[in-house]
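K.L.:
Starting from the known structure of chain A, fit chain B onto it as the hints suggest.
Here is what each chain is made of, one letter per residue.
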Amino acid sequence: MKNIEDVCKKIFRLAGKVQCEVSAEMRDGALTRFADNVISQNVAYSSTEFSVRLLDAGRMVKINFNQSDDTALKHAVGSGLEILKKQKKDPALLPLAKPRPFEAARDLYFRETAELTPAYRAERAAELARACKKSSQTAYGTFENGSSELVIANNLGLFARHRETSAAYGVTVRDHDGFGWAEYPAFDAGEIPFRLLNETARAKAAASRSPREIKPGKYPVILEPQAAADLLCYLAVYGFGGQIYNEGRSFACGKLGKRVLSPLLTMEDNSLDGAAPGMPFDYEGQPRKRVTLIENGVLKAVVHDRKSAKAAKTASTGHALPQPSYLGPIPLNLAVKPGSGGLDDLIRGTERGILVTQFHYTNLLKPQTMEITGMTRNGTFMVENGKLAFPIKNMRFTQSMVEAFADVEGVSGQAAPILAWGIMSCPAMRLKNFNFSSSTKF
Amino acid sequence: MFRLASKAIEIASRHKADFGDIRIIEERRQSLSVRNGEIAGLTDQTTLGYGIRVLCGGAWGFASSSVMTPRAVADTTLKAIAIAKASRMLMNVRVRLAAEPAYTDFWQTPFIKDPFAVPVETKLDLLFKIDSLLRRDKKIRAAGSEMRFIRERQWHMTTDGSRIEQVLLSSGGSLSATAVENGESQTRAYPCTHGGQTLAGGWEIIEAMNMADHAERVREEAVALLTAPVCPAGTKDLVISGNQLALQIHESVGHASELDRVLGYEESYAGSSFATTEKLGKFRYGSPIVNLVADATLPGGLATAGYDDDAVKAQRWHIVRDGILSGYMTNREFCGRIGMDRSRGSCRADGYNNIPITRICNLSLMPGSTPPEQLIGEIKDGIVMENNMSWSIDQKRLNFQFGCEIGWLIKNGKRGKMVKNPTYQGITPEFWGSCDAIADHSQWRLWGVANCGKGQPGQTAMMCHGSSPARFRKVKIGMHG
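Protein chains in written order, with my numbering: chain A, 304 to 745; chain B, 3 to 483.
Just chain A, with the same shape it has in the complex (with noise of 0.2 Å):
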């Protein structure tokens, strides 16, 4: 938005002596959504938010809105201002952050991404359509694209600004009882391999019809890069967030520099120049740092905001959240060392395993030992002396991931970009030990 900080400048005036922080957020975007061969939903989207912190002498409130024009901040800040007179002191409200420079981030905006049209998205979605009506099976699936801008600015001098564009194309085909599927997001549409992708699912959707039931239970299991992401993404958002740990809730809870995963595993945030960009600074306008999370299973460091920084005696890293946050710092910004060699070569070293392409519905059970359950989707298989040897029908998983990732066999050498909770970047990878803990019936 081009009068941004005009916008800002005025809602500082209107603010007058009390400390004040606008976090702006404009995103514009679209997704077209297909089921059963043909387009089902498509839909464009367009927003401005304004999100308004007001600080004084210990008292805080947030006042959000969208409209922008002067009889809207005036109403708006002018009502904030007097709930604040209202609000209690809290003695722990940290004051407005100073500015501090950041480094340059990666250029994450496409401008072609962020003007692709309908009749584009229509197409890539056609042509998978097309080729599933030939072939017996149906598509189903999104295209999505669009861009945003963030601003972070307080009357204390701090303005920090990042826009990035963003596109996924995900899709799942059918092939009579048989599901395959596959996902990619990416900054930049161009990146997105629709034809791979459309194989990919397609094969997959024709390689598990006809699937077997096996009995629950033990078994070494091979993780393709979105199953072991969706694992890895509840060991580092409810282990190695700063509140979370200082709080003694964290599974990694007084493990600093002790080994609490496998050897093979070695996962960073890196927002600035790692495997999955984003901005450079956080919701507090404060620098994000590179943070090694844990290096050949070792427990290096937690992500921290000014506020858990300050109870652990620390800097903060640059993972905060809005403020303020239940939650406290995540990191969103996950990249998994990749190892070496490929799906195929871990595939080839299982005498006897499952093949799990990806999960559904995963949830946290007990946070001391990570237990997630969930169910596996759209393309489950035996692997049999190094080979696939039938699909099987879907299983629920009762699993400690912190004893899974304890016993990693094998990390493959090319990470996926993943959606998670920001964009992560994940290898598939070998457990020793999973735990399937019953069946279902397709």
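Hints in this document: simulated from the structure, not taken from any laboratory. Virtual Cβ for every residue (Gly too), placed ideally from N, Cα, C. Some clues are possibly wrong.
[Said to hold, decoys possible] Cut-off 35 Å, straight-line C-alpha distance, at most; resulting in silico cross-link-like pairs (DSBU-like, lysine-lysine):
no. : chain 1 : residue 1 : chain 2 : residue 2
1   : A       : Lys592    : B       : Lys141
2   : A       : Lys313    : A       : Lys388
3   : B       : Lys422    : A       : Lys518
4   : A       : Lys735    : A       : Lys640
5   : A       : Lys312    : B       : Lys9
[Claimed, not checked] A few chain A residues facing chain B, derived, Cβ under 7 Å:
no. : residue
6   : Ala338
7   : Ile342
8   : Pro421
9   : Ala422
10  : Ala425
11  : Thr676
12  : Phe693
[To be verified] Label pairs and their calculated CB-CB ranges:
no. : chain 1 : residue 1 : chain 2 : residue 2 : range
13  : B       : Val232    : A       : Pro402    : 49 to 57 Å
14  : B       : Glu218    : A       : Phe462    : 46 to 54 Å
15  : A       : Asp372    : B       : Asp116    : 21 to 29 Å
16  : B       : Phe108    : A       : Pro394    : 46 to 54 Å
P.N.:
Using the frame of chain A, we list chain B on its own:
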């Protein structure tokens, strides 16, 4: 607002749209939370914008904006029309909407006290009082309490003549305590988990919860859970109470009966449903005492309104009658696929910038005739579970596993020892088929689900599920890794 809205209707009509509508939404939200003696959030939010839907040449287009000028409304309508044209590139048959009379009406949620008129300091005083009660034990490492209020004012205008104004109001609150010791952590909440209890209405909803009266019990139970034995694994009779039964209804019946899912339109994301249309009127979903009723007219229900976002008047209907699958959640687009000439009116959108989609209505398990004491009294070896902690269900809504906050073992008809980390697992029709007793009307409560996610782009909707505690025989309990 209707004058601004009429611009969209005029342009959609001029472009010969089969159907078009505009929903202008003004929403105010206020949320307050206190955590460990500090104000964790005090947010007041106001948004205003509109979403425009057009059906042109049998295909849909939707666009939204928050620029409130006639010019912007016109541009957004044209954008939606252009999108509809692109949708025609990949269509099979023309979308046809079920007919619905045109309405000119005003409807609003009944309430006693406007929650936005209650001073902030009154709300914070209550939250701080709760917080201090929760933290009276050093083992409590995370104490939290919160309240939130939402008022949504809608102006809905359609090309087929409806002109509907509605004001929907909801109020909610909760408190929770997490006890930590020796690497173990246990949480207890009131009235329920995942954001607490929310119902349609005003400040009287908060007053009726008596939150402060429950803080000490919540604290004590969180601490007691630290040293409670782990829920044993095995096959036992199960009594489900609290909001857990609400979530069981939500996940295994509510989503499974959304007709768009059933027809495959959610396959790429949330999945489909085992409750396919050829089963309608025949399939045994549960035991003969299981009656599940969808009701958009239910007092206090979060999905209660005069009309849905398809401009269809609110209705009440059975999803499961005497244990048999008897209906679906429908919109005007899909209801014809099951031979219905009128939608049930279960189509809603999240805010102004999302397209209306098929949603779970208020869906409740009708009370049974069993006195509450008899539910447990007839069990030799069983367990009571209360309040949801975790949920997971497969993409056809068959295989589920739920974790609860707390459990109590039942031995020879008596509720006994507290157990922690209770979980149960089942297959939907087998599970509902094992329901052999539902407590009577005296135990029936309405539970709000304020965070139901669905669709791409993701949308959040609110609805309620009413139930009395119910008994299920021979359920798999306590499965762990």
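K.L.:
Does each hint hold? Answer for all of them.
P.N.:
How the hints compare with the structure:
A threshold of 35 Å between alpha carbons decides the hint, and for Lys592 of chain A with Lys141 of chain B the separation of about 34 Å falls inside it, so the pair holds. Taken as a hint, the Lys313 of chain A and Lys388 of chain A pair is honoured in the structure, with Cα atoms around 21 Å apart against an allowance of 35 Å. This hinted pair checks out: Lys422 of chain B and Lys518 of chain A have alpha carbons roughly 28 Å apart, not beyond 35 Å. A hinted pair counts as satisfied when its Cα atoms are at most 35 Å apart, and Lys735 of chain A with Lys640 of chain A qualifies at roughly 19 Å.
Restraint check: the Cα-Cα separation between Lys312 of chain A and Lys9 of chain B comes to about 34 Å, which is no more than 35 Å; the hinted pair holds. At about 5 Å, the closest approach between the beta carbon of Ala338 of chain A and any beta carbon in chain B falls short of 7 Å, and the interface hint on this residue holds. Annotation: interface hint on Ile342 of chain A holds; nearest CB of chain B at approximately 4 Å, less than 7 Å. Checking Pro421 of chain A against chain B: minimum C-beta separation of about 4 Å stays under 7 Å; hint holds.
Nearest Cβ of chain B to the Cβ of Ala422 of chain A: about 5 Å, under the 7 Å cut. The hint holds. Hint on Ala425 of chain A holds. Least Cβ distance to chain B is approximately 4 Å, under the 7 Å limit. Annotation: interface hint on Thr676 of chain A holds; nearest CB of chain B at approximately 5 Å, less than 7 Å. Because the closest C-beta pair between Phe693 of chain A and chain B is about 20 Å apart, greater than 7 Å, the hint is violated.
Checked against the hint of 49 to 57 Å, the C-beta distance between Val232 of chain B and Pro402 of chain A comes to roughly 51 Å, which is consistent with it. Taking the beta carbon of each, Glu218 of chain B and Phe462 of chain A are about 48 Å apart, inside 46 to 54 Å as hinted. Asp372 of chain A and Asp116 of chain B have their C-beta atoms about 26 Å apart, which keeps the hinted 21 to 29 Å range intact. Distance hint check: the CB atoms of Phe108 of chain B and Pro394 of chain A are about 47 Å apart, consistent with the given range 46 to 54 Å.
Of the hints listed earlier, the one the structure fails to meet is number 12.
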